[in-house]
Amino acid sequence: MPPNTVPPTVRQRRLGTELRRLREKAELTATQAGAMLGGNQARISNTEAGRYAVSAERVRAMAHAYECSDQQLIEALVRMTGGRTRGWWEDYRDILPAGWLDLPELEHHAKAIRIGSVIHMPGLLQTRDHARAVFDEGVPPLTPPEVEHRVSHRIKRQTVIYSAQPTPLTAIVHEAALRMGFGGPAVARAQLEHLLVMSEREHITLLVIPFGAGAFPSSGHGIVYFDAEVPSLGTVQLDTDHGSMFVDTEPQLVKYRTVLDRMEACALPPSESRDLIERIAQTT
Numbered sequence: 001m002p003p004n005t006v007p008p009t010v011r012q013r014r015l016g017t018e019l020r021r022l023r024e025k026a027e028l029t030a031t032q033a034g035a036m037l038g039g040n041q042a043r044i045s046n047t048e049a050g051r052y053a054v055s056a057e058r059v060r061a062m063a064h065a066y067e068c069s070d071q072q073l074i075e076a077l078v079r080m081t082g083g084r085t086r087g088w089w090e091d092y093r094d095i096l097p098a099g100w101l102d103l104p105e106l107e108h109h110a111k112a113i114r115i116g117s118v119i120h121m122p123g124l125l126q127t128r129d130h131a132r133a134v135f136d137e138g139v140p141p142l143t144p145p146e147v148e149h150r151v152s153h154r155i156k157r158q159t160v161i162y163s164a165q166p167t168p169l170t171a172i173v174h175e176a177a178l179r180m181g182f183g184g185p186a187v188a189r190a191q192l193e194h195l196l197v198m199s200e201r202e203h204i205t206l207l208v209i210p211f212g213a214g215a216f217p218s219s220g221h222g223i224v225y226f227d228a229e230v231p232s233l234g235t236v237q238l239d240t241d242h243g244s245m246f247v248d249t250e251p252q253l254v255k256y257r258t259v260l261d262r263m264e265a266c267a268l269p270p271s272e273s274r275d276l277i278e279r280i281a282q283t284t
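Residue numbers (my numbering): 1 to 284.
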């Protein structure tokens, strides 16, 4: 099978990583695996790097060769095959940085999404005007067309929470994010009112950490946890000044599940969170 002509997505690389982990657990080299599967070391290496699309039959054959007996994991990996998902985000391939296409694909496939945010509103809950105000603060400055492309992309990502079968979303937001005031009082107030409306949706849980809660782990950056049907296939996205960072090893997944658990323990219950948002909106 020919290699992909564009860089693999995070999801494709993740499938390759999981196949590598299965091979290493079986204590096989790439050369040995290639010989067993009727290929060679190069094909195994390219598959594990996500450079080759891999079929469902190939994944099952690899799992059999690696003596993997976890049928739930095998079927979950099978559902990750077939190359990149052709979603609306592909329309932005030549417009936005490559990493921007990974987020909506992960959101599209996630079983549930869990967000911890301190300074910024979660992107899935931002209004168009709030998003524009955030991008207007970009460093280096973005041109008006660049800002509008990013705003459009962010709003389209919200499809996952508006669809007929929306993805469950838990957003843990610090009070600081509620008081940042991006875009001025009118935009900030509209954003808070939007949060209140969204928090009433059955599939959305909005929790606020008040200033009085004190310190908590990872307060310096945002965390997004994409839950998968098999817990070990989850992915964490971290916001950094140079873009998104994706992590997926078992120790990292355990760490960030624990971080989000501790953030949630600091937060107010949903009803009290809404009360706090209402009070801030009234004084904004």
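Mixed in with the good hints there might be a few duds.
[As the list claims (entries may be wrong)] In silico EDC-like pairs for lysine to aspartate or glutamate, Cα to Cα no more than 16 Å straight-line:
id, residue 1, residue 2
1, 156, 105
2, 25, 67
3, 156, 67
4, 111, 264
5, 156, 129
6, 111, 67
7, 111, 229
8, 25, 57
9, 156, 75
10, 255, 272
11, 25, 227
[What the hints assert, rightly or not] Ranges of calculated distance between the beta carbons of each label pair, as one might list FRET restraints:
id, residue 1, residue 2, range
12, 32, 202, 48 to 56 Å
13, 200, 55, 15 to 23 Å
14, 24, 215, 17 to 25 Å
For the record, the hints were derived by calculation from the structure and aren't laboratory data.
Small disclaimer: the values here were computed from a predicted structure and weren't measured.
Using N, Cα and C, we set each Cβ at its ideal position, and we do this for glycine too.
Right, here's what the structure says about each hint:
1. Between residue 156 and residue 105 the alpha-carbon distance is near 12 Å, which keeps this suggested pair within the 16 Å criterion.
2. Note on residue 25 and residue 67: the hinted pairing holds, with a Cα-Cα distance of about 9 Å set against a maximum of 16 Å.
3. Distance hint between residue 156 and residue 67 is unfulfilled; the C-alpha atoms sit about 42 Å from each other, more than 16 Å.
4. Of the supplied pair hints, the one linking residue 111 and residue 264 is violated, its CA atoms being roughly 19 Å apart against a limit of 16 Å.
5. For the hint pairing residue 156 with residue 129, the CA-to-CA distance comes to about 14 Å; that is within 16 Å, so the pair holds.
6. The suggested pairing of residue 111 with residue 67 is violated, with an alpha-carbon distance near 27 Å, which exceeds 16 Å.
7. Only pairs whose Cα atoms come within 16 Å are accepted, and residue 111 paired with residue 229 is accepted, the gap being roughly 6 Å.
8. A threshold of 16 Å between alpha carbons decides the hint, and for residue 25 with residue 57 the separation of about 20 Å lies outside it, so the pair is violated.
9. With a C-alpha separation of about 29 Å, the suggested pair residue 156 and residue 75 falls outside the 16 Å cut-off, and the hint is violated.
10. A threshold of 16 Å between alpha carbons decides the hint, and for residue 255 with residue 272 the separation of about 27 Å lies outside it, so the pair is violated.
11. Distance check on the hinted pair: residue 25 and residue 227 sit about 23 Å apart at the alpha-carbon level, beyond 16 Å; violated.
12. Range check, residue 32 to residue 202: about 51 Å between beta-carbon atoms, so the 48 to 56 Å window is met.
13. Hint check: residue 200 to residue 55, Cβ distance near 44 Å, so the stated range 15 to 23 Å is violated.
14. For the pair residue 24 and residue 215, the supplied restraint of 17 to 25 Å is violated, since their beta-carbon distance comes to about 39 Å.
Consistency note: the structure conflicts with the earlier hints numbered 3, 4, 6, 8, 9, 10, 11, 13 and 14.
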